[in-house]
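Please work from the sequences and hints to get the whole structure.
Spelled out from the first residue to the last, the chains are:
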Amino acid sequence: MLASLIIVFREVLEAGLIVGIVLAATRGVVRRGVWVGLGIAGGVIGACLVAAFAGALADLFDGSGQELFNAAVLGVAVLMLTWHNVWMASHGREMAAEMRAVGQEVQAGRRTLAALALVVGVAVLREGSEVVLFLYGVIAAGGTTAAGVAAGVGLGIAAGALVSGLLYFGLLAIPVRHFFRATTGLITLLAAGLASQAVAFLEQGGYADAWSTPLWNSNAALPEDGILGRVLHTLVGYTDQPTGMQLTAYLAVVAVILLLMRAVSGGQPRRAAAG
Amino acid sequence: MTARRRMAWAGLVLALAAPPVLADGPARIEVELKDHVFTPSTIEVPAGQRVEILVRNRDGTAEEFDSTALKVEKVIAGGGEGVVRLHPLDPGEYPFIGEYHSDTAKGVVVAK
Numbered sequence: 001m002l003a004s005l006i007i008v009f010r011e012v013l014e015a016g017l018i019v020g021i022v023l024a025a026t027r028g029v030v031r032r033g034v035w036v037g038l039g040i041a042g043g044v045i046g047a048c049l050v051a052a053f054a055g056a057l058a059d060l061f062d063g064s065g066q067e068l069f070n071a072a073v074l075g076v077a078v079l080m081l082t083w084h085n086v087w088m089a090s091h092g093r094e095m096a097a098e099m100r101a102v103g104q105e106v107q108a109g110r111r112t113l114a115a116l117a118l119v120v121g122v123a124v125l126r127e128g129s130e131v132v133l134f135l136y137g138v139i140a141a142g143g144t145t146a147a148g149v150a151a152g153v154g155l156g157i158a159a160g161a162l163v164s165g166l167l168y169f170g171l172l173a174i175p176v177r178h179f180f181r182a183t184t185g186l187i188t189l190l191a192a193g194l195a196s197q198a199v200a201f202l203e204q205g206g207y208a209d210a211w212s213t214p215l216w217n218s219n220a221a222l223p224e225d226g227i228l229g230r231v232l233h234t235l236v237g238y239t240d241q242p243t244g245m246q247l248t249a250y251l252a253v254v255a256v257i258l259l260l261m262r263a264v265s266g267g268q269p270r271r272a273a274a275g
Numbered sequence: 001m002t003a004r005r006r007m008a009w010a011g012l013v014l015a016l017a018a019p020p021v022l023a024d025g026p027a028r029i030e031v032e033l034k035d036h037v038f039t040p041s042t043i044e045v046p047a048g049q050r051v052e053i054l055v056r057n058r059d060g061t062a063e064e065f066d067s068t069a070l071k072v073e074k075v076i077a078g079g080g081e082g083v084v085r086l087h088p089l090d091p092g093e094y095p096f097i098g099e100y101h102s103d104t105a106k107g108v109v110v111a112k
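Just so you know, the sequences run in chain order G and V. First residue of the first sequence: 1, per our numbering; consecutive thereafter. First residue of the second sequence: 1, per our numbering; consecutive thereafter.
The set of hints was computed from the structure by calculation and includes no laboratory data. Any given hint could be a false lead.
[Claimed, not checked] Which residues of chain V face chain G? A partial, calculated answer using Cβ under 10 Å: (1) V72; (2) V75; (3) A77; (4) E81; (5) E99; (6) H101.
[Unchecked claim] If you anchor each label on the Cβ, the simulated ranges turn out as follows: (7) V:G25 x G:I45: 35 to 43 Å; (8) V:R56 x G:D209: 24 to 32 Å; (9) G:A221 x V:P88: 22 to 30 Å; (10) V:E44 x G:V264: 50 to 58 Å; (11) G:D209 x V:K112: 39 to 47 Å; (12) G:A182 x V:K112: 47 to 55 Å; (13) V:V110 x G:A221: 17 to 25 Å; (14) V:S102 x G:G170: 30 to 38 Å; (15) V:L54 x G:G33: 44 to 52 Å; (16) G:V236 x V:P88: 22 to 30 Å.
Since the structure is predicted, the reported quantities are computational estimates derived from the model, not experimental observations. By construction, the Cβ of each residue, glycine as well, lies at the ideal position given by its N, Cα and C atoms.
Right, here's the structure in full:
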């Protein structure tokens, strides 16, 4: 039971933190629950498919199919998050103004809801497929009782959801005038972190050999497989041994997002920050 | 998704899928996983060189070869095999586990 609790908690937490950020970023947008729900449901279905075809997937591309697949879905998530931020930069001002009017429908954020739902789907798919493979192994092996496994899974989901919920409500507590900036910043770092993970998979698959020696090792100070390390890994892409290529990709994504946001908001009439 | 964007994606996937060029391929070491135990569990590799570990999973269920020290996480299907590519390592010990059976499936890569 303990093993299933730990693994399920870990994976639910990693996907849940991303769901928490997306829910915060879409605060006040109508029907966001439906879209996020669709993202989660699609991710669960995708996770089962990936798990069922894990062997076939791994054998593609000279044994690097899994790495390429992971890099590709992470790449999709990076593009969607980038688009969200850029779109919000060009329309966010009206949205921030409307959000303060209680009960008023906020239309602006709807456009990027599908993109963010896809990000949720990707997160659930990646973490979920590991849970499915693990649980399949546990069940196939027999031994542990079904009740024990079910208890572990239930507690793992509850604990992962609890921590993700804390993040979400913590973000909601940010005052409105800083809120947009905070979620934009979080999404930028999330996108950069996912890009750096995508690079790690390309390196693991043998597709990116340049600058592939780790730049430093901060495992002793903040281990990546500890709880705080994992949370930071998911949220801002922390890794205790980043390679030069990972760091380059990380910084490049941050720079591109900021430059694009500046470019699209440049033509807009500037309004004093709403207080 | 527009047709043009789809084309761009297809191009990107193809570009990524081109097999990597390996001059004198890296040394390959074989490891077997059976009853959730790695054999050998201590893998000696030359430091400073690229090395590949071929993991053959003789169990019926999938395992995830996982090591933050080695920067590797790779699912190996039940009855399948997978290649774990290591970047050039500094001399030292790098533990790894099979994440789904971490009480028995564990080992260490020793770079000399």
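* Asked: Looking back at the hints listed earlier, which ones does the structure fail to meet?
  -> 11
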